[in-house]
Amino acid sequence: GEDVEQSLFLSVREGDSSVINCTYTDSSSTYLYWYKQEPGAGLQLLTYIFSNMDMKQDQRLTVLLNKKDKHLSLRIADTQTGDSAIYFCAERWTGGGNKLTFGTGTQLKVEL
Amino acid sequence: GAVVSQHPSRVICKSGTSVKIECRSLDFQATTMFWYRQFPKQSLMLMATSNEGSKATYEQGVEKDKFLINHASLTLSTLTVTSAHPEDSSFYICSAIGGETQYFGPGTRLLVL
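As you go down the protein sequences, you meet chains A and B in turn. Here the first sequence stands for residues 1 to 112, numbered as in the numbering used here. Here the second sequence stands for residues 113 to 225, numbered as in the numbering used here.
Chain B with its partners taken away, still in its complex shape (with noise of 0.2 angstroms):
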């Protein structure tokens, strides 16, 4: 199947500081690529979606002055947590479109102290 990297994988940070997390596609063309947030133990929440070329669109509840996207190029989506707190520590899972599927990146594992 098609694959879909971030980086980093992991990342501590100190509160107040900014954030940047890279989502990839790398065998495949990926217009638009949506990023997730997930709870221990819990569900996938959609925080956006991501389209190349134009703004990104959010969900309802999710600060876009806070977590900034960008969809420069086909494979390349980045996430950025703006004066990281510590309740924004959470795992960040990205997908890209791959024909009739999503196919979702390893994860950012994100912890602000």
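For reference, chain A alone in the conformation it holds in the complex (with noise of 0.2 angstroms):
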């Protein structure tokens, strides 16, 4: 695993879709993975995709993955204001072990 970068904060109205995007450059990842950290707490797991598929949708979030361009994308459908909080994608790459390599981290603001 090497760099993943994410743009560092984004703000959208409450009801409107979020998209979190992320970029990494190890062609070898297996595992793609989206988690949650909300002020002074642990990263809750929200999903996570195989390198393998495109897209996966989990009730309001819909994560897209471009193998190609190497980019992967979390979409939350009528963002809340429990939303608001910080995402971390991470990637798992072959010849890693388990190891996860995290992007920086967008910080998510919902508005009334």
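Hints are supplied without guarantee of correctness; some may be wrong.
[As the list claims (entries may be wrong)] List of simulated lysine to any residue pairs, SDA-like, C-alpha gap at most 20 angstroms:
#: 1; chain 1: B; residue 1: Lys-132; chain 2: A; residue 2: Ala-41
#: 2; chain 1: A; residue 1: Lys-109; chain 2: B; residue 2: Ser-155
#: 3; chain 1: B; residue 1: Lys-153; chain 2: A; residue 2: Val-110
#: 4; chain 1: B; residue 1: Lys-153; chain 2: A; residue 2: Asn-21
#: 5; chain 1: B; residue 1: Lys-153; chain 2: A; residue 2: Ser-11
#: 6; chain 1: A; residue 1: Lys-99; chain 2: B; residue 2: Gly-165
#: 7; chain 1: B; residue 1: Lys-153; chain 2: A; residue 2: Gly-97
#: 8; chain 1: A; residue 1: Lys-99; chain 2: B; residue 2: Gln-141
#: 9; chain 1: B; residue 1: Lys-153; chain 2: A; residue 2: Gly-40
#: 10; chain 1: A; residue 1: Lys-36; chain 2: B; residue 2: Ser-121
#: 11; chain 1: A; residue 1: Lys-99; chain 2: B; residue 2: Leu-188
#: 12; chain 1: A; residue 1: Lys-99; chain 2: B; residue 2: Ile-209
#: 13; chain 1: B; residue 1: Lys-167; chain 2: A; residue 2: Gly-97
#: 14; chain 1: A; residue 1: Lys-36; chain 2: B; residue 2: Lys-167
#: 15; chain 1: A; residue 1: Lys-36; chain 2: B; residue 2: Phe-151
#: 16; chain 1: A; residue 1: Lys-67; chain 2: A; residue 2: Asn-21
#: 17; chain 1: A; residue 1: Lys-68; chain 2: A; residue 2: Ile-49
#: 18; chain 1: A; residue 1: Lys-99; chain 2: B; residue 2: Tyr-170
Note that these hints are calculated values from the structure, not bench results.
Once you've looked at the hints, go ahead and assemble the two chains, each given alone in its own frame, into the complex.
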């Protein structure tokens, strides 16, 4: 695993969709994850996708993976104030065992 | 999902003392656990991989004599910060492997005075 990049900040209005983007450099990724961190708390696993998949949907969450461009996104539909948090993408790659490389984190702020 | 706990949730200690942090997988067994450190407004930095029944594997730049890791059972790993100094103040998070994913504990806030 090498660099995993995310934009630092995203602000949306309540009820709108949020799209958080992530780019990675290692082409041997096996799994890619999205975690949510609220202030002072640990990381909550939201969802993950295997690298041979293009899309995964789980209730309000949709993960899209473009393996050619090494781009991962998380879409949150009908964003609520409780979704305000920091979101980390992480990749697990062949040869890294079970280690994860984390992105820089995106702070999502949901405004009324 | 699987549950991982940490104890204590926060600790304040004097410089020079040692502090032990516990990480437990509550409803599953974990042969591998990880210890991370997180500075304010930053991402997680992997410190070491804790392997049940064997020595921990430390990341480059992490002092193994400073951060002692013991993984004595399939549900418990401990991190001991020895001779703590103010620069060791941080948020320490553990995780445990459960199937295809890592499940994280709630973190321990350490403040060294």
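Under the constraints set out in the numbered hints, which ones does this structure not fulfil? 7 and 14
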